[in-house]
Amino acid sequence: MPRPKAARTGSRAWLRSLSLVPQVVLVYSLLALLVIFMIGPYLFIFGTAFKETYTLVSIPPRLIPENPTLENFRDIFSTMPFARWFLNSAVVAALSTLGTLLVCSMAGYTFAKKDFYGKRVLFMVLMATLMIPSALMLVPAFLVTNQLGLVNTYGGLILPGIGGAMGVFLLRQFIETLPSELEQAALIDGASELQVFTRVILPLAKPGLATLAILSFTGSWNSLIWPLIIVNSKGLYTLPLGLALLRTEFQVNYGATSAAAVVSVVPLVVAFSFLQRYFIEGLTVGALKG
Amino acid sequence: MRRNLVAYAFLSPFFILFIIFTAIPFFWALWLSLQDGLLTGPKTFVGLRNFAQLPRDTITRTVLLNTVKYVAVIVPVAVTSALGLAFLITNRVVRGRDFFRALVYFPILAAPAAAAQIWSYILAPRFGIFSYILSALGIGDVLFLANPQLALLSIALIEWWRGIGFHVILFIASLVGVPKELKEAATIDGATSWQVATKITIPLMRPVILFSVVMGTIWAFQLFDTVFVLTQGGPMHSTATMVWYIYNHAFRYSQLGLAAAMGVVLLLIIAPISYVQMRVLGREVEYA
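Going down the list, the protein sequences come from chains A and B.
Mind the numbering: the first sequence is residues 384 to 673 in this note's numbering, read in order.
Mind the numbering: the second sequence is residues 369 to 656 in this note's numbering, read in order.
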């Protein structure tokens with residue numbers, strides 16, 4: 384390739400090349416702006432959560448609290464059932480995730496590896512439901528849940544969140560890539576169909592399951608509109624619902640709402656720092672969910 | 369035969385839930401749009417009357433207009449700015465691409481309700497940071513959420529912050545996949561980096577950009593959470609969206625028929641767009 388050698392030698396070659404300096408300055412200034420804009424709101428709200436009430440409306444606004452205090456956190460846990468909401472969110476998200484993993488992996492495995500009558504049609508019906516906006520289903524899903532006597536119950540929060548065509552699609556794609564020899568060998572060795580699924584397929588499908596688990600958990604953890612319509616007693620609120628109704632139902636200030644927002648975001652940020660790969664993988668597949 | 373039975377047994381847990389919470393609600397939604405009545409009370413069949421009434425309702429026009437305006441602003445802005453950011457992050461002088469990719473993902477982690485609370489303080493009049501900066505610049509106090517002219521744009525700003533990472537991460541992945549040889553050959557032939565970007569890189573990214581536009585559009589049409597938390601559709605219905613309309617008419621105003629009809633309108637908008645998206649995705653999967 385007719386290219387000057389200098390361009391390829393050493394990772395710090397760019398530092399020596401003076402002509403790149405303006406570009407470097409420009410690019411990094413823009414990136415600095417990006418950092419401020421993406422992280423700034425988080426840092427600001429984090430600072431605010433530790434501010435004393437009377438400094439909340441100071442002009443100019445302060446980024447770092449003068450006398451950091453836990454007053455706001457004490458407030459949200461004592462003046463409203465915030466711990467309960469946190470727990471509700473965790474239980475609802477965990478159970479609907481577990482349920483989703485179970486039913487979607489069984490269905491995804493079947494679509495990937497089994498031949499059966501009606502396979503094509505069933506799969507097409509499934510994919511077609513991805514085109515339906517969830518807002519269309521809001522009222523009838525409420526009515527169905529009401530018919531089942533599940534309004535204002537944990538069941539009503541959890542059950543409708545289990546499943547989803549997107550999860551089946553994701554796991555089918557993943558399981559399709561696994562070699563079929565392993566299952567056949569296990570079947571010949573006398574394993575039952577269920578054993579093949581639990582002992583052979585599920586362990587191999589772990590990365591796909593992890594991606595779906597994260598998608599399902601974050602979706603449930605952050606969801607607002609379904610809890611909003613299905614729950615009316617405060618003991619059953621989830622975090623987003625609590626956050627949304629903080630201002631209308633409780634007399635709270637920005638310090639308390641900031642503390643509440645911090646508590647709601649921190650678990651996901653921690654999970655993200657450990658499982659970044661699966662979060663990013665889930666992004667494109669998750670996009671399928673209407 | 370046994371083969372079929374095993375398959376159906378494995379499918380049944382999923383499809384039982386699917387029938388209860390997806391299939392039945394879907395057909396029920398269509399049926400509801402032809403009925404009128406109370407949410408949990410008796411309903412009467414009214415044919416297409418709900419659809420005839422929809423355009424006569426003054427809020428309907430506002431809601432449709434707001435939604436379309438919002439889509440028309442957020443989608444092009446998000447996609448082009450994301451494209452710019454993806455080029456910026458993958459610029460050859462940048463070290464630590466993974467750091468910046470994680471950075472743009474962070475806002476996605478925030479629940480819309482949490483993001484709304486975060487931004488309500490930033491956009492607060494007088495003591496909010498934005499207002500402070502603007503008054504320091506001599507522009508004066510700006511009521512971001514209380515001004516009917518600005519409320520929808522402010523919501524768009526928040527949603528831009530929360531959603532931009534999706535597009536940026538897609539574009540980064542696609543940009544990294546563009547073969548180096550093509551860009552190098554063009555550079556040797558004397559093309560400027562702007563020409564390389566617009567004539568080679570971006571055309572090669574077309575499927576991803578289309579996917580991005582379609583997804584952005586589908587989400588934008590269903591804006592609700594941020595509006596619900598911050599403005600409740602106000603001031604003066606300036607942030608009332610289609611999903612806001614459905615929620616309020618069904619669960620607050622006892623106008624079930626109108627809510628269901630609006631749901632069908634939303635379906636008629638979203639379904640064709642989703643169809644395009646699935647075709648695009650299908651092609652990608654084929655090529656992979």
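One or more hints might be untrue.
Heads up, simulated SDA-like pairs for lysine to any residue below, C-alpha to C-alpha not over 20 Å straight-line [unchecked claim]:
no., chain 1, residue 1, chain 2, residue 2
1, B, K548, B, S561
2, A, K497, B, H605
3, A, K502, A, R582
4, A, K502, B, P381
5, B, K567, B, V447
6, B, K437, B, H605
7, A, K497, B, M369
8, B, K411, B, K551
9, A, K497, A, Q406
10, A, K502, B, K437
11, A, K502, B, N616
12, A, K496, B, M369
13, A, K497, B, F383
If you anchor each label on the Cβ, the simulated ranges turn out as follows [to be verified]:
no., chain 1, residue 1, chain 2, residue 2, range
14, A, L453, B, Q421, 48 to 56 Å
15, A, L453, B, R647, 51 to 59 Å
16, A, F657, B, R424, 48 to 56 Å
17, A, G618, B, S561, 24 to 32 Å
18, A, Q530, B, A504, 53 to 61 Å
19, A, E559, B, S449, 47 to 55 Å
No lab work stands behind these hints: they were computed from the structure.
These numbers come from a predicted model, not from an experiment.
We put the CB at the ideal spot given by N, CA and C, even for glycine.
Hint check:
Restraint check: the Cα-Cα separation between K548 (chain B) and S561 (chain B) comes to about 13 Å, which is no more than 20 Å; the hinted pair holds. With a CA separation close to 52 Å, the supplied pair K497 (chain A) and H605 (chain B) exceeds the 20 Å bound. Distance hint between K502 (chain A) and R582 (chain A) is unfulfilled; the C-alpha atoms sit about 24 Å from each other, more than 20 Å. For a cut-off of 20 Å, the pair hint linking K502 (chain A) to P381 (chain B) stands: about 16 Å separates their Cα positions.
For the hint linking K567 (chain B) to V447 (chain B), the alpha-carbon distance of about 18 Å falls within 20 Å, and the restraint holds. For the given pair, K437 (chain B) sits about 13 Å from H605 (chain B) by alpha-carbon distance, which is consistent with the 20 Å threshold. Only pairs whose Cα atoms come within 20 Å are accepted, and K497 (chain A) paired with M369 (chain B) is accepted, the gap being roughly 12 Å. Distance hint between K411 (chain B) and K551 (chain B) is unfulfilled; the C-alpha atoms sit about 64 Å from each other, more than 20 Å.
With a CA separation close to 56 Å, the supplied pair K497 (chain A) and Q406 (chain A) exceeds the 20 Å bound. Between the alpha carbons of K502 (chain A) and K437 (chain B) the distance comes to roughly 42 Å, so the proposed pair goes past 20 Å and is violated. For the hint linking K502 (chain A) to N616 (chain B), the alpha-carbon distance of about 40 Å lies beyond 20 Å, and the restraint is violated. For a cut-off of 20 Å, the pair hint linking K496 (chain A) to M369 (chain B) stands: about 16 Å separates their Cα positions.
Between K497 (chain A) and F383 (chain B), the direct Cα distance comes to roughly 16 Å. Compliance with the 20 Å bound is thereby established for this hinted pair. Between L453 (chain A) and Q421 (chain B) the CB atoms are about 54 Å apart, so this pair conforms to the stated range of 48 to 56 Å. Between L453 (chain A) and R647 (chain B), the C-beta spacing of about 53 Å keeps the proposed range 51 to 59 Å intact. The given range of 48 to 56 Å is respected by F657 (chain A) and R424 (chain B), whose C-beta atoms sit roughly 55 Å from each other.
Against the hinted window of 24 to 32 Å, the Cβ-Cβ separation of G618 (chain A) and S561 (chain B) comes to about 59 Å, which falls outside the hint. Between Q530 (chain A) and A504 (chain B), the C-beta spacing of about 57 Å keeps the proposed range 53 to 61 Å intact. Between E559 (chain A) and S449 (chain B) the beta carbon distance is about 36 Å. The supplied range of 47 to 55 Å is therefore violated.
Hint check: violations occur at hints 2, 3, 8, 9, 10, 11, 17, 19; the rest are consistent with the structure.
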